[in-house]
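Undergrad: Chain by chain, the residues run as shown.
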Amino acid sequence: MIELVARLGRTGLRKLEAFGLAGIILMQSLIARPAPTVMFPLVVKQIHFVGVLSLIIIVVSGLFIGMVLGLQGYTILVDYGSEQAVGQMVALSLVRELAPVVTALLFAGRAGSALTAEIGLMKATEQLSSLEMIGVDPLRRIIAPRFWAGFICLPVLATIFSLVGILGGAFVGIDWLGIYEGSFWSNMQNSVDFREDVLNGLIKAVVFGFVVTWIAVFQGYDCVPTSEGISEATTKTVVYASLSVLGLDFILTALMFGDI
Amino acid sequence: MRIRIMEIGVGAFLLAGIVALLMLALNVSGLKLMESNDTYRVYARFENIGGLTARSKVTMSGVLIGQVTDIRLDPEALQALVEMEISKDVDYLSIDSSASILTAGLLGEKYIGVVVGAEEEYLQDGDYFEDTQSALVLEDLIGKFLFNEVSE
Numbered sequence: 010m011i012e013l014v015a016r017l018g019r020t021g022l023r024k025l026e027a028f029g030l031a032g033i034i035l036m037q038s039l040i041a042r043p044a045p046t047v048m049f050p051l052v053v054k055q056i057h058f059v060g061v062l063s064l065i066i067i068v069v070s071g072l073f074i075g076m077v078l079g080l081q082g083y084t085i086l087v088d089y090g091s092e093q094a095v096g097q098m099v100a101l102s103l104v105r106e107l108a109p110v111v112t113a114l115l116f117a118g119r120a121g122s123a124l125t126a127e128i129g130l131m132k133a134t135e136q137l138s139s140l141e142m143i144g145v146d147p148l149r150r151i152i153a154p155r156f157w158a159g160f161i162c163l164p165v166l167a168t169i170f171s172l173v174g175i176l177g178g179a180f181v182g183i184d185w186l187g188i189y190e191g192s193f194w195s196n197m198q199n200s201v202d203f204r205e206d207v208l209n210g211l212i213k214a215v216v217f218g219f220v221v222t223w224i225a226v227f228q229g230y231d232c233v234p235t236s237e238g239i240s241e242a243t244t245k246t247v248v249y250a251s252l253s254v255l256g257l258d259f260i261l262t263a264l265m266f267g268d269i
Numbered sequence: 004m005r006i007r008i009m010e011i012g013v014g015a016f017l018l019a020g021i022v023a024l025l026m027l028a029l030n031v032s033g034l035k036l037m038e039s040n041d042t043y044r045v046y047a048r049f050e051n052i053g054g055l056t057a058r059s060k061v062t063m064s065g066v067l068i069g070q071v072t073d074i075r076l077d078p079e080a081l082q083a084l085v086e087m088e089i090s091k092d093v094d095y096l097s098i099d100s101s102a103s104i105l106t107a108g109l110l111g112e113k114y115i116g117v118v119v120g121a122e123e124e125y126l127q128d129g130d131y132f133e134d135t136q137s138a139l140v141l142e143d144l145i146g147k148f149l150f151n152e153v154s155e
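Residue numbers (the numbering used here), protein chains in the order written: chain B, 10 to 269; chain L, 4 to 155.
Since the hints were made in silico from the structure, they are not lab data. Wrong hints could be hidden among the right ones.
To be verified - Facing chain L, according to a computed beta carbon distance under 8 Å, are these residues of chain B, among others:
#, residue
1, H57
2, S102
3, V104
4, T168
5, S171
6, G187
7, G191
8, S192
9, M197
10, V201
Said to hold, decoys possible - Not close to chain B: a few residues of chain L, all C-beta gaps over 10 Å, as computed:
#, residue
11, E10
12, F16
13, A28
14, K60
15, S64
16, L67
17, E123
18, Q127
19, E133
20, L141
21, G146
Glycine residues also receive a C-beta, built at the ideal position from the N, C-alpha and C atoms.
Sequences are here, hints too, so could you generate the full structure?
TA: Listed below in structure tokens is the structure:
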């Protein structure tokens, strides 16, 4: 019995410690960043890695999700003779929900796992401790640029996702199913509000970028430096990041659109 | 050279993000920028436009001939002033044509239906439809119906 309580306490303390370490990493990389001249090339390199190279998967999934939304919306709405509302349905669901959430999920799988594996391997091969030995803070040199890159990239990717998705929906709706172009766009423009919908979607993307990158970086930094440990950390990154994105999405939606 | 390519890639990526945001702002949530030339403008005053919006269709016998470009309140006549662009090909709308606001389906979008008259003269750029018919507002109809029921 005592053994059980002790084990519970140990687990709790370990979780608390991990949480504290995550907070310290966050503070250190946000506040104690290196001078801009050193930082800038590092961030550019990371944006290239997590942003530019994720572009293809984002564009392709955005296109197909938009096309599917257009097709599904059409088959339902045509029964009620209001197929002009397809544009508004596609645009609202993409801009408000799907673009930030799906982008964040894909980003966690594509870039988050890579970040974790990279940092974990650096730790396993003792590159991080070597950096410390020669007097370079690995938090500043390794963690901070990756953090900023994720923070910048996700909103950009989510915006591109929305746009490509809407164009895909417009392609299916107008060119294929023959919805009148003017009503498609006018319905969309009447119902989508820039501040209410587009900016709120962007805020969501910023929050998700923050959370996903934080989890990825922390899992890499905290992992057990063995090959098993790295694989476990990578799995944890994807699982935790996806779960927190979905959970946070509910909270953010409730705050933004729930009239609380 | 490797570095240069990477930086160009990042620059293009960020630029694509800004362009996408601009397009979302202008095209999805805002105004259109393109202006077509081969149209002419005519105007019509309505008592009640009942949900007609800019970029709604203008049709004749159900065939699309133009679109609504602007709706504002005429301060003198105290009526809605609807500006529409009609395709240049359709230059045979006589001056006694009538414009009415119709509904696609029971609850669908509003559009303008044009019925031509018998005069020999045709509507030119900047002319007004003399004969207009306002939108059918469902609530008014229901109200009238209920009122009649009660009075009987």
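Undergrad: Does T168 (chain B) pass the interface check with chain L, least Cβ-Cβ distance below 8 Å?
TA: 4 Å, holds
Undergrad: Please verify that the nearest CB of chain B lies beyond 10 Å from L67 (chain L)'s CB.
TA: 7 Å, violated
Undergrad: Is it correct that the beta-carbon of E123 (chain L) has no partner in chain B closer than or equal to 10 Å?
TA: The claim stands: E123 (chain L) keeps its Cβ more than 10 Å from every Cβ of chain B (closest is about 32 Å).
Undergrad: Report holds if the minimum CB distance from E133 (chain L) to chain B is greater than 10 Å, and violated otherwise.
TA: E133 (chain L) is indeed farther than 10 Å from all Cβ atoms of chain B, at 26 Å.
Undergrad: Compute the least Cβ-Cβ separation between S64 (chain L) and chain B, then decide whether it is above 10 Å.
TA: 16 Å, holds
Undergrad: Min Cβ distance, H57 (chain B) to chain L: is it shorter than 8 Å?
TA: This hint holds: H57 (chain B) lies near chain L, its Cβ roughly 5 Å from the closest one there, short of 8 Å.
Undergrad: Can the hint on G191 (chain B) be confirmed by a CB-to-CB distance to chain L that is less than 8 Å?
TA: 5 Å, holds
Undergrad: The output says Q127 (chain L) does not contact chain B. Does that hold with a beta carbon cutoff of 10 Å?
TA: At about 24 Å from chain B, Q127 (chain L) clears the 10 Å cut-off, so the statement holds.
Undergrad: Going by Cβ atoms only, is V201 (chain B) closer than 8 Å to chain L?
TA: 4 Å, holds
Undergrad: Report holds if the minimum CB distance from A28 (chain L) to chain B is greater than 10 Å, and violated otherwise.
TA: 5 Å, violated
Undergrad: Once the shortest beta carbon distance from S171 (chain B) to chain L is found, is it less than 8 Å?
TA: With a minimum Cβ separation of about 6 Å from chain L (threshold 8 Å), the hint on S171 (chain B) holds.
Undergrad: For F16 (chain L), which was marked as not at the interface, is the minimum beta-carbon distance to chain B over 10 Å?
TA: 5 Å, violated
Of the numbered hints stated above, those contradicted by the structure are hints 2, 6, 11, 12, 13, 14 and 16, listed in ascending order.
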